[in-house]
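These protein sequences, in sequence, are chains A and B. Okay, so the first sequence: first residue is 1 according to UniProt numbering, each after it adds one. Okay, so the second sequence: first residue is 1 according to UniProt numbering, each after it adds one.
By construction, these hints were calculated from the structure, which means they are not laboratory data. For every residue, glycine included, the Cβ atom is placed at its ideal position computed from N, Cα and C. Some hints could be false.
Unchecked claim - A short, non-exhaustive set of chain B residues, derived as facing chain A with CB atoms under 8 Å: (1) F14; (2) G78; (3) L80; (4) Q81; (5) P95; (6) I97; (7) E106; (8) L107; (9) F114; (10) L115; (11) L119; (12) G121; (13) N124.
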Amino acid sequence: MPNPIAATFRPYWQYRDLVRNLVIKDLKVRYQGAVLGFFWSLGNPLALILLYDFVFTHIFRSDLPNYILYLVIGVLHYNLFSQAVSQSCESLTSASGLIQKIYFPRILVPTSSLLFTLALWVIAIFILVILYPFLGGIYHWGLLLYPLALGLYIAFIWGIVLTFSVLQVELRDLKHLVDIALMFGFWFTPIGYDIHVLKPTTREIISLNPLTQFMDLFHALLYAGTLPALNHVLIASAWTIGTVTVGMILFRRKARHLVEDL
Amino acid sequence: MPPAIIVEHVSKEFILRHNRAMGLKTRFLGLFHKNKREKREHFLALDDVSFTLEQGEALGLLGHNGSGKSTLLQIIAGILQPSKGRVIANGRVAPLIQLGVGFNPELTGYENIFLNASLYGFLNKEVKKRVKSIIEFSELEHFIDTPLKNYSSGMQMRLGFAVAVNLQPDILLADEILAVGDQAFQDKCLDKIAEMRKNGMSLILVSHSQEQVSKFCDHFIRLERGVMLENGSIGEAWE
Chain A
1 MPNPIAATFR PYWQYRDLVR NLVIKDLKVR YQGAVLGFFW SLGNPLALIL
51 LYDFVFTHIF RSDLPNYILY LVIGVLHYNL FSQAVSQSCE SLTSASGLIQ
101 KIYFPRILVP TSSLLFTLAL WVIAIFILVI LYPFLGGIYH WGLLLYPLAL
151 GLYIAFIWGI VLTFSVLQVE LRDLKHLVDI ALMFGFWFTP IGYDIHVLKP
201 TTREIISLNP LTQFMDLFHA LLYAGTLPAL NHVLIASAWT IGTVTVGMIL
251 FRRKARHLVE DL
Chain B
1 MPPAIIVEHV SKEFILRHNR AMGLKTRFLG LFHKNKREKR EHFLALDDVS
51 FTLEQGEALG LLGHNGSGKS TLLQIIAGIL QPSKGRVIAN GRVAPLIQLG
101 VGFNPELTGY ENIFLNASLY GFLNKEVKKR VKSIIEFSEL EHFIDTPLKN
151 YSSGMQMRLG FAVAVNLQPD ILLADEILAV GDQAFQDKCL DKIAEMRKNG
201 MSLILVSHSQ EQVSKFCDHF IRLERGVMLE NGSIGEAWE
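All chains, full assembly: derive it from the sequences and hints.
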C-alpha cells in the first residue's frame, strides 16, 4: 500500500538536487572574486560581537558573568533570523525568471533561500564552537538537545520566510518594513541584556516576542548549562506551529497563481 | 497506450489590473484619487480549448501574436493554472519556453548544465551520466569550464538546447526556439528533434510559420483570440 505521506513528499524529493544546486550557486556567486571568500561570512558577526561587547562592557555595564558568551549566543542566533527573513522577502520576486519559464514546486525557492542563509551561518557558528570553552561555556549532556532547539528555531523561521516571500509579491514595500522591524527586533529581544533586570511590565512586553522564548532556550543550553524551562519550550513550539501553519496555508493558496503577479 | 496529453475544456481568464497598487504609496493615494485606484478588467485568453495528443504525435500551434498559443503552452507545462478545465500529461514534459532557464552568468558552462537540468527535476547523478553527450552536442568542449558570461548569446542557446534534448523528455513543448545558433547548428537541432520523434517523443510546437509546422507536425491547431478555429491533420486541411 502506498504511503500517503511519502506520496505527498515525493514530488519535492525529486527536486532535492535543485535546492542543492541553487544554494551552491548562491554561495559561489556571493563571494566570487573576493580574496577572502567565505571568511567574509565570519566578518559580519565578528564585527557585531566586538562592537556590542565594547558597548555593553564600557558604556552600559552588564553584571552577567561570562558576558561575551551570553552576547555571542544571542547575536549569532538573532543574525540567523534577521538574515533569513530579510533575504526571503525577495526570494520569489527575484526568481521570477525561473518561475515564469518552467514548473517546479515553488516552495523550494524560499526554502533554498533559507538554506543558503543557514549554510553561511554554519560557517559563522564555528566561531562559537571554537571559542566556547574559553568564554566559560559548560559542557553538559543538555548540549545534545541543542540540535533539537535549533531545529525548532529553523522551522519557526521557515514559516515566517514562506509567509513573507508570498506577501512580498503583492506588497512590494514589505522588504523595507521588515528591515526596519528587524533593527527594532534586536533590542526587543534579550540579546545584550538579561530579561530579569527589566521592570515587570517591560519584561511582559519583551516576553511577547517569540524570539525571547527561543533565546531563552539557547541561553539555557549554551550559557547557563541547564535545561530550558518547559513553559518556554512549549511557547516556542506553539509559535513554530503557528508560523509554519500560516506559511503553508498562505503558500498553498497563493502559490498556483503567483506567476501571474510577478 | 494512454494519450500523451489530454486538454479538456481549458479556459484561462486573466485579470488585467490597470494602475496596479504595488506599494503602500499608491494604495494610500487610491483612497483619495479615483483615477489612481486599481481598475480590473477580465480578459479571456483561452476559451474552451480541447484536444488530445497521442503518444509520438507532433502538434503545431499556429496563431497570431496574442492568440493564446503561448498561454496554452504555459498551461500544459504547468506554469499557469487553467481557470476552467484540466490538462492531463502522461510522461515527462520538458517545456522549452526559453532556452537555458536559470543559467547564471557567473557559473561555468559545466555548472550551469547541472543547474538547468535540476530545474527539470533531474538529479545530479542522472545528469552526470548525460553530461558528456550534452557537451558534445553543444560543441562547446573548449569553453565548458569558463563562466557563462564569456559566452556569446548563440553559445548560451546552444548549451540550453543541448541540455533540454539530452534529458530525453517524453513530451517536448517548444515555443519558437528552433532558431538556435547558425544554420549548421539549426539543422543539427532539427535533425535531433526528428530523431527523438522517431523514438516516440511527442511534440508540441508553437510557431508563426506554417512551413515549420508542416515540416515537423502531423496535426495542427489554429488559435485566434483564444478560440480554437481549426483543428486538423496536416495534408488534408492544409491550404
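Taking the hints in turn, this is what the structure says about them:
1. F14: Interface hint status for B/F14: holds (7 Å vs cutoff 8 Å).
2. G78: 4 Å, holds
3. L80: Nearest chain A Cβ about 6 Å off; hint holds.
4. Q81: Check passed: Cβ of B/Q81 comes within 5 Å of chain A, closer than 8 Å.
5. P95: Holds: closest Cβ of chain A sits about 6 Å from B/P95, inside 8 Å.
6. I97: 5 Å, holds
7. E106: 5 Å, holds
8. L107: For B/L107, the interface hint holds, since the closest Cβ of chain A sits about 6 Å away, which is under 8 Å.
9. F114: Holds: closest Cβ of chain A sits about 6 Å from B/F114, inside 8 Å.
10. L115: 5 Å, holds
11. L119: 5 Å, holds
12. G121: 5 Å, holds
13. N124: 5 Å, holds
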